[in-house]
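J.: Residue strings, one per chain:
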Amino acid sequence: LLKIEAALNTFHHKLCCCCFSSPRLFLPHQVMKTCHKMGIQTVAVHSDVDASAVHVKMANEAVCVGPAPTSKSYLNMDAIMDAVRATGAQAVHPGYGFLSENKEFAKRLAAEGVAFIGPDTYALQAMGDKIESKLIAKAATVNTIPGYDGVVKTVEEAVKISQDIGYPVMIKASAGGGGKGMRIAWNDEETREGFRFSSQEAASSFGDDRLLIEKFIDNPRHIEIQVLADKHGNALWLNERECSIQRRNQKVVEEAPSTFLDAATRRAMGEQAVQLAKAVQYSSAGTVEFLVDSNKNFYFLEMNTRLQVEHPITECITGLDLVEQMIRVAKGYKLQHKQEDIPINGWAIESRVYAEDPYKSFGLPSIGRLSRYQEPLNLSNVRVDSGIQEGSDISIYYDPMISKLVTYGATRAEALASMEDALDNYVIRGVTHNISLLREIITHPRFISGDISTNFLPEVYPDGFKGHQLEADSRRELLAAAAALHITAQLRSQRRAPSVATRCPCVKVEVDGQWNLASPLLPLAINGTHRMLQCLSRDASGKIVLQYLGTSFKVRVLSKLAAQLNSYMPEKVPEDTSSLLRSPMPGAVVTVSVKPGDSVAEGQEICVIEAMKMQNSLTAARQAKVKSVHCKPGETVGEGDLLVELE
Amino acid sequence: MISSRPRPFTRDTPSFFLIGCDSSSASALSVKERIDHKRKTALCGGGQHRIDAQHKKGKLTARERVELLLDPESFVESDMFVEHRCSDFGMEQDGNKFPGDSVVTGRGRINGRLVYVFSQDFTVFGGSLSGAHAQKICKIMDQAMMVGAPVIGLNDSGGARIQEGVESLAGYADIFLRNVMASGVVPQISLIMGPCAGGAVYSPALTDFTFMVKDTSYLFITGPDVVKSVTNEDVTQEELGGAKTHTTVSGVAHHAFEDDVEALLNVREFFNFLPLSNQDAAPIRECHDRSDRLVHSLDTIVPFETTKAYDMLDIVHATVDESDFFEIMPNYAKNIVVGFARMNGRTVGIVGNQPKVASGCLDINSSVKGARFVRFCDAFNIPIITFVDVPGFLPGTAQEYGGIIRHGAKLLYAFAEATVPKITVITRKAYGGAYDVMSSKHLRGDVNYAWPTAEVAVMGAKGAVQIIFRGKENQAEAEAEYVEKFANPFPAALRGFVDDIIEPSTTRRRICRDLEVLASKKQLNPWKKHANIPL
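Protein sequence lines correspond, in order, to chains A and B.
Numbered as in full-length UniProt numbering, the first sequence ends at 647 without a single skipped number.
Numbered as in full-length UniProt numbering, the second sequence ends at 535 without a single skipped number.
It should be emphasised that the hints constitute simulated quantities derived from the structure, not laboratory data.
Incorrect hints may have been included.
What the hints assert, rightly or not - Here are the simulated EDC-like cross-link-like pairs (lysine to aspartate or glutamate), alpha carbons at most 16 angstroms apart as the crow flies:
1. A/Lys-560 to B/Asp-436
2. B/Lys-462 to A/Asp-218
3. A/Lys-543 to B/Glu-269
4. B/Lys-308 to A/Glu-605
5. A/Lys-632 to A/Glu-602
6. B/Lys-57 to A/Asp-293
7. A/Lys-160 to A/Asp-120
8. B/Lys-308 to A/Glu-271
9. B/Lys-308 to A/Glu-571
10. A/Lys-215 to A/Asp-120
11. B/Lys-356 to A/Asp-293
12. B/Lys-308 to A/Asp-48
13. A/Lys-231 to A/Asp-120
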């Protein structure tokens, strides 16, 4: 939330603007920067738990709008309106997520004469409804996915509809959600077959005869066009962003421009996007999302009436500050640029760094405290948008994004090489993160060649992501590095100068580096190749965890004698982390955060016990489902009492 | 013709060197050959099949352990030729004599630093303690004290050599006496790697640190059978005296390791922290972590809500060199954290209340745990850094009946008595008597800091207001006034009870600088025969 108090350009009246935003708060951070650059004072709104967040510190004023749950803070319109009034803010930047696309909120601001930095309520409303937005798009001669939704009486009717749409087509019962009962037909024969199955299913399973026949998009790519429009009927398209690498419909890696589009397609998509923006009298920055098939046919998907997470890559290749443009537009200025002024300079790639375990369905949230956090800002052409710092808690309350890591290069290859370096140099400790997945994606031959689609992850990793797979050479490199590190630590105990060459699996591997055992980063030259490794942990018994090529590997280094004696050591079965959560002390139950059937992540809070006027948070020892809950808030429990049982 | 030259001993020397060969051929052997023969026999302990049995249990032999514990080729053995002197029950027969008897003793080096070691050999009479066995141990302990070097004992013994009767008991007592004499003179470490039962347990109990190996080591006064016959309790060896019991319930052991190899390698690492004797300063290792590093994560670690917990280990890890913290008793009395770390390379002892467990209050177990650790540090010139967040002593009948008064006094006593450099950081609460106890200025703390979140007071606001304003209305208002007055570091800082209120991120930098200055600290307690700590 920002407040603008100084003059904006030549205007002398005060303009205040509030910006609150998504979980990890990158955007407020950036909005504040831009506002400060423009001489605008800012107010940050925040929830309890974000009181020490970066954007709060950057703002000239800060207002707490409620406790951590978003429904009570960032989605609490009353509290935010109060904050706007109390601080005299003259404009609100809604960030993304939360209220950014909420037409009700925009209306309330308008009623009080406060500017909403974003499009008008009409555009919000029109684009907010998926069905209506498609109708408007169609009317504005924007390509939409051709299809038919209704009762299809005969086989021949189905064939005719399919021929009109053009093969391939997808046939399914209208009432069936998602991909359920979906059939793909590539010709008339398959259409007949699909019709029979689907109509039977529609009648029997859903009791609803209607069928949906729609163009099937093979190997779809998700490519979106950034648009910028003012209140004077001018609109520009700021080129595309390729966002095909997704998991569970959430973007993971984005780039601009796309490897796939030629100039003609780009222009066609851009022009349609602008047509749509004009059709809804759009003002501000917005994004028109398209699906693009393998033949470069593109179809309108939806329009996002806000700044998107991935907007920095557009800023990189066009040189525009989108936040600045949004504030200008909200103030009523005309656009500064013409379409022919919008360049594509170089290439930008964005990786979304999440606090997630990528080994579980390409990313399940993890929580914790960032015990060590170091962004790779020492590298050139790297931009990191984050709202967190060392010591921040990644809580269960918000989206688990840690940062947006953007690299830029004159060519795609340069941008990718920078991204590889940046990922290797990114130090994150205390939470599980997805650096390993990001690094595997951007170094995968299919990604490098641009052969991607929204199915990239499930196609490349059909059995799930399992980290970097070592080959003979890389295995040797890893072992040599671990051995060299271990020996360095051993020699340090004797205070002798380290200089190391190690032998492993009968091959000599030269490892050279600046051995700073306190640094989380290990810049090494392994057989002359420069590698950035990270030491995640090491102990006296030679157990070392190294991050190598993005993935963490467990290695054990033992002297020849110790290795030989180790063969006598029994294999230990890991202890079962108990499924019973017992009260570690006598006290009163303050809250119980779970109910039977809930899934809990490792480290997630299960209940809070107050003892000695102190609240003690009891957490799940492992990921599990809650079997039963044996306590209620307000109840007094004794030490060892069973509180919650996990499955 | 008879040659006077002794026959060279070769690997191919024929098998007539076997134990038990008759006396006529034995006398034909030259002295040199007998020496070689004895040495070779000593190296085999109780014989190959017993060694195999030891390995099968997942245990290493006495010699393998010594080899792994010490730097390569640094072991110098003593008393390899000592044999037991028992002549009853057929023990005098040659087949029942093993050169070196049931213990391997000597000296060696760990990372170049001198250490004396004994390693009980389970393959010889189950590692049982004979008079000769005890004598060997006593000899190296005497030497260790004379030259000022630590003693590490690797225990793996079935108990007393019953055949020897009182001689075995005398042997134990000889060792106990030396344990006591060496206490506070050289560090003594016990690593329990097998059974250790009966009177034998008191030697580890008298040493400074007792470590155990999970699943293969036991410590108890009497085994499960005797327990069953006396108290009719059914209990397994593991439950009665396994590593888990002693590291979580009884507090007898200070750490447990997965297996022999891990245990020995970790003891090497642990050894790096210790000075060789009470005449040495705390060791300083080459340090790669900048002493002036600002630790920004500490600025946000203490939660805004004063009732919310945080992990004191996060503070410790963030502050010390390379996050390298060797925690002592990590699973016992977890409401206090103690262990060794380094600041700018120099060994320090860390003591911290743990708000995450029982709110970090002091109780019987945590007081005793903390007191013993503080006394070790003081005895061996290791500076003590104390992080304070303590809401008080734990109330209740269990604690009072258990004697919290005299046990709590131990921690108070230990901090008061200590003359090593003492640096204290109050991170949040320092309430009541517990404030005094936790290395306060009043107990000769050298440098006492408060973070801005510190609250030094007799008690929390609610309780205090109920007493000060008993029966009055407007308790809430009074509470707010109390908080305003006392729930901050000013009252203590105004009186000089803390030396400064510091930004948490500067904690590491300041402690490193202070330790530099305090390195030459000299403080003496009044002469006394010995003090009288409330045991």
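J.: For each hint, tell me whether it holds in the structure or not.
T.: Quick rundown of the hints versus the structure:
no.	hint	verdict
1	A/Lys-560 to B/Asp-436	52 angstroms, violated
2	B/Lys-462 to A/Asp-218	68 angstroms, violated
3	A/Lys-543 to B/Glu-269	13 angstroms, holds
4	B/Lys-308 to A/Glu-605	13 angstroms, holds
5	A/Lys-632 to A/Glu-602	22 angstroms, violated
6	B/Lys-57 to A/Asp-293	65 angstroms, violated
7	A/Lys-160 to A/Asp-120	42 angstroms, violated
8	B/Lys-308 to A/Glu-271	56 angstroms, violated
9	B/Lys-308 to A/Glu-571	40 angstroms, violated
10	A/Lys-215 to A/Asp-120	33 angstroms, violated
11	B/Lys-356 to A/Asp-293	55 angstroms, violated
12	B/Lys-308 to A/Asp-48	13 angstroms, holds
13	A/Lys-231 to A/Asp-120	9 angstroms, holds
Of the numbered hints stated above, those contradicted by the structure are hints 1, 2, 5, 6, 7, 8, 9, 10, 11, listed in ascending order.
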